[in-house]
Amino acid sequence: MSRYIIGRLLSIIPVLFIVSFLVFLMLHLIPGDPVRNMLGLHAPPAAVEEMTKRLGLDKPLHIQYFDFLQKAARGDFGISIRTKQPVIKEIRDRYPYTIKLAIGGTIFATIVGVLLGIISAVNQNKLWDNILMVLSLLSVSTPSFFLALLAILFFSLYLGLFPSIGIQSPQHYILPILTLGAQSVGIMARMTRSAMLEVLNQDYIRTSRAKGMSERVIIYSHALKNALIPVLTVIGLRFGGLLAGSALIESVFGIRGIGRFMIDGVLNRDYPVVQATVLLIASTFIIINLIVDILYRVVDPRIKY
Amino acid sequence: MKKSIFLKVVLVIAILILTSFSVMAQSDSAKDVLIYGTSTDAASLDPHVQNDSHSEQIVAMLYNTLVRFEPDGEIVPDLAESWTVSEDNLTWTFKLKEGVKFHNGKEMTAYDVKGTYDRFMAEDADASRLIAKNLTQMFESVEVIDDYTVSITTEDSYGPMLSLLSNRTLAIMDPDVIAEYGASTGDFVESSIGTGAFKIVDWKKDEEIIVERFEDYFDENAKLQKVIIKVIPEAASRVIALETGEIEMTNQFPAEDLQRLQDDPNITVRMTPSVGGRLFRFGCNDPIISNTLVRRAIVHAIDRQSIIDGMFPGMTYPSTSCLTPVVWGYADLGVIEQDLEKAKDLLAEAGYPNGFNTKIVTTPRYEKGVELAEVLSAQLSMVGINAEIEVLEWSVILPLWMGVTPEVFDQPMFIMGAGTSMMDADGGLRALYTTTETGTNERNYGFYSNEEVDELVFAAMKETNPEKRLELYKRAQEILYLEDPMGIMLFDTYNRTAAVSSLQGVETNGVGMTYFERIYFE
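Those protein sequences? They're chains A and B, same order as listed.
Start counting the first sequence at 1; every next residue gets the next number (this note's numbering).
Start counting the second sequence at 1; every next residue gets the next number (this note's numbering).
For reference, chain B alone in the conformation it holds in the complex:
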């Protein structure tokens, strides 16, 4: 009786299983549809507002900038076909390509470029759009010369201009769309209009974004007809979905899965050098940490290679400067090897022969953030520095980092990610390590201050001769990395993608943006 009911239940389950065979038949993508897995939905598709890599990747598919980076860092024309600089180095004049269409059919002209830039350069620009505004503080005005010629004038000569303009945050938008949607621009399909190789056709928040090839793209059309960007928050699920074929590409997978994916004959893993690095910055307002000798001691107490071997095997290499090799202006200053004797000597010279007590603040938001802090603390204890660890959730740590005064800031060492969308040392150094004027830390979270670095970085910003700029940046890095350290540089992160092997043309630049318009199935 109960047995027969049991049998019936088993029978039903068996039927369910058998009927499910149809599901795993073929992956339902044709040869020109790509299913891409990501961990988080885009926060906004308004280029001037977005501030995270997930949004930026999709913005890169939908919009263009005046000039753009190639995978090797070379700057090439995008919407502008050529440009000149005035004698006094203050005015850049761009000749735009003709026949460029927005996704809504409108033709792009110099008026649209001006309209785009005026949006965030205006005095009363909506402060929450300031991401773009903040990047362009040196811009004085943008003028229309004729329908296809536009000029940008800066207050002072600005060496990294082209690198800055390659930043997706400064993408060209349709001012009519901005006028129509205002603060909702970039929040849904209709208000995310660009000139890019793909146009957005559907957006189910936290589930998926669907983009399709824009047939009137001004450059060579994308090879794929459609890309479906699926949101899969759990890393293990994402990796499994790649292995079952339910997604065909992802650029976020845990370090532990690298070996497994590389061993899978159906999957190709690509690692490209990135602008990003992992470090622990110094809070220079702390009485002990403010001592240069102490900071030098600390950076020499750390064994970077063992950290990499233990936590990120095969995925990276130790840092050789406070910038990574793909950032223009990078100078190779070598790996700082662990030297416990030197560290102890420096500590003694600083007045701490028996070490001291301090604190490391970290957050799990950065991959293995907590484990990194633990290892650092263990290594520091070998020279007598007793560092307690404070773990904070991302929501909690953000307000503690931003816009605070030195009296309030209480993080002698804290985890941080380095990187710059500009791929230029100006972006990697100026906002982060020059003394702030307002008294709060702004983006110089650790209150680092060194007069010579200030001079060098501002001089390099105004310098238009590349050779001279490189010299200035090299000296600045020597100070920031070795002589008066701003933090413990650990390792450079790699951009990594894992895709089914039939997918070709997968190229990723240093900022981490993949050129989806070049991807195709073999």
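The following block holds chain A by itself, in its conformation from the complex:
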């Protein structure tokens, strides 16, 4: 197993290589100019030229890419064209917020989603099942942006329960985490429901019931454990989705996370920022999936690597 883990960890490197190359290519091939963005509409051409040279943006593309690789290997991801701070410092400052939101959102979505999925499965085709499936449809189809604004309007403005902007205290995390995770609740619920249904119809479940075991033990000890594999997969995928999709929530709540930073980077053609943040999110995602794969083994000892 440890050989497997080491092998997976090593495979991150070529993947990141490919990702960084693709991102670099895309960034430089789309129209738009970071220097003009920075200097503004009225900057004279001489200023634009000078700044372009200073940032090394006039060098041929392959030189720029190798420069980037060399520096990245040393942990130097350059300076943000827009904020003029070292990118690594910006990431260190902003990443924790996004990670906390993504983890919080995933935990919330998992707990609520799995619970609702179980209830649905156990009450298949009865009233509860129908209600919960409609709710999960709503949760999936409501844009997180819209939901966030509604939540702020309702919980902050009308009820005065939660703060609407910033991330200074634990209470500030509640609305962002709930709105970020809300979409995933529906997906988790559906996934859990179908996985549970498949398991609950198996022979060994019928045998357990015949043996007289309590329904609760059957559902949580036997059925759920077997249904967990597909659910775990979804958890891993959703976490990645929440990491990348946090930009909208961060914008609405005024949180300086990595999602917003990355989007601003793209809009401003801030090359160093986009390179570094995409690599960061890609690596996080790869590691999360590795953890999920390891958890498969924990949940089902029959799986061998």
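Be aware that one or more of the hints could be misleading.
[Unchecked claim] Lysine-lysine pairs mimicking DSS-like chemistry, simulated, CA-CA at most 30 angstroms apart: (1) B/Lys-31 with B/Lys-204; (2) A/Lys-126 with B/Lys-31; (3) B/Lys-223 with B/Lys-204; (4) B/Lys-204 with A/Lys-53.
[As the list claims (entries may be wrong)] Under 10 angstroms between C-beta atoms, here's a sample of chain B residues computed to sit facing chain A: (5) Gln-50; (6) Tyr-111; (7) Lys-204; (8) Glu-243; (9) Thr-244; (10) Leu-398; (11) Gly-403; (12) Thr-438; (13) Tyr-445; (14) Val-506.
Hints in this document: simulated from the structure, not taken from any laboratory.
Here the structure is a predicted model, which is why all the values come from computation and not from measurement.
All C-beta atoms in this analysis are idealised placements derived from N, C-alpha and C, irrespective of residue type, glycine included.
Starting from the structure of chain A, add chain B where the hints point.
Chain B only, in chain A's frame:
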């Protein structure tokens, strides 16, 4: 079983909600701390470099200029207490106030003024600092007469000198700070040192800037002790934050929210006239658009009031010139009413009785930029002009506008914002509408060229008699606005602030800068 777990979850959520009541207790600001919401972080706090209104507002809090604008446009002493002009109108001598301190404790003298100006006037001045350099091309030299007297000599007589010097881009800095930080000046707290009523104490990029009252300010101290400038990118969130009290003032809110904010008894909305206007400029290199009659036809085909009523109700009024009323030199030439018959006649006279095909380029960066283009296109179709719309992202449109040649420029009509930090017609007209020498458009993005306008504007620049200047500018505006239009002037924008009603002393000048040192809580 599942029900009991469900109940437990509901219980936990209920506890969370109840414990959160403490959060919305009081807004955590005392009576002398203001929380101000803005949409974007400052790009730079180096006055000579900054080029956007968000940076400029904070620069205005941290730095001073030799003279400054009052809210009504009057120019009054700031760092200079008095000034004289030489007989030949070429040398301006400023007597500086004594005892002015920088935020680092150093006293400001004429040497600092010279050092500040030399920075961007030098031959080898870092080209990326050229924002200030570009504004002062007519300056020949800055000399120290004595510790508190400095003179600026211009190559030719320059009428709008005082207006130019009021521009925050020419704020006085500490040359030692510039020497120490070089290109990083204005990028973080330690390198943003001015003489202003506030000093910066914290800057978390994209999150907030905190400024505190500078106790050794040379003028009357600011009434507020601290201002926290919070970055809230999403407009709806900003408005809600104002309504919940999490911020206490903002100057950016969408037109749709105006009514709601005005109706809120706890919020006061203030609208002040601004130097800014919205227009669509003509790309005069286009074969059809270069025809003066065609341009006159187009400006008469547009119904400005209906655009305002539909998209910005209550927020503005139609333009009456290519400058706005707060710009010195403005001449009221009346609203151009829509006259479709006249437009069609002019088109026929120009040789296009059945109209023609063209293109409008726009960007959503300007508020409702895309919708404006759509309405324009619809109105133009009523006279047979078929205008397709091209929407470009800001990053993409910038390089297409700047430093291009007429062969490359392909925007017969394009959206633009008008405005000048100088509040003087020289700033509003010269760089934008006079023929460029280099062959590229520089700031005359639409390649507009009219000999008489060139003569008038340059003559007015050199003229030091205000009456004569006004006459020259009036004639220039008649040409630019009516006779040989440079674009479709739509409306003048207002500077708007929305603040909690307990906030008083909120004054904003035409450039859009609010005087934070005058604000206080009742």
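Structure-based check of each hint:
no., hint, result
1, B/Lys-31 with B/Lys-204, "holds (24 angstroms)"
2, A/Lys-126 with B/Lys-31, "violated (58 angstroms)"
3, B/Lys-223 with B/Lys-204, "holds (24 angstroms)"
4, B/Lys-204 with A/Lys-53, "holds (28 angstroms)"
5, Gln-50, "holds (9 angstroms)"
6, Tyr-111, "violated (27 angstroms)"
7, Lys-204, "holds (7 angstroms)"
8, Glu-243, "holds (6 angstroms)"
9, Thr-244, "holds (5 angstroms)"
10, Leu-398, "holds (4 angstroms)"
11, Gly-403, "holds (4 angstroms)"
12, Thr-438, "holds (8 angstroms)"
13, Tyr-445, "holds (9 angstroms)"
14, Val-506, "violated (21 angstroms)"
Going through the hint list in order, the structure does not satisfy hints 2, 6, 14.
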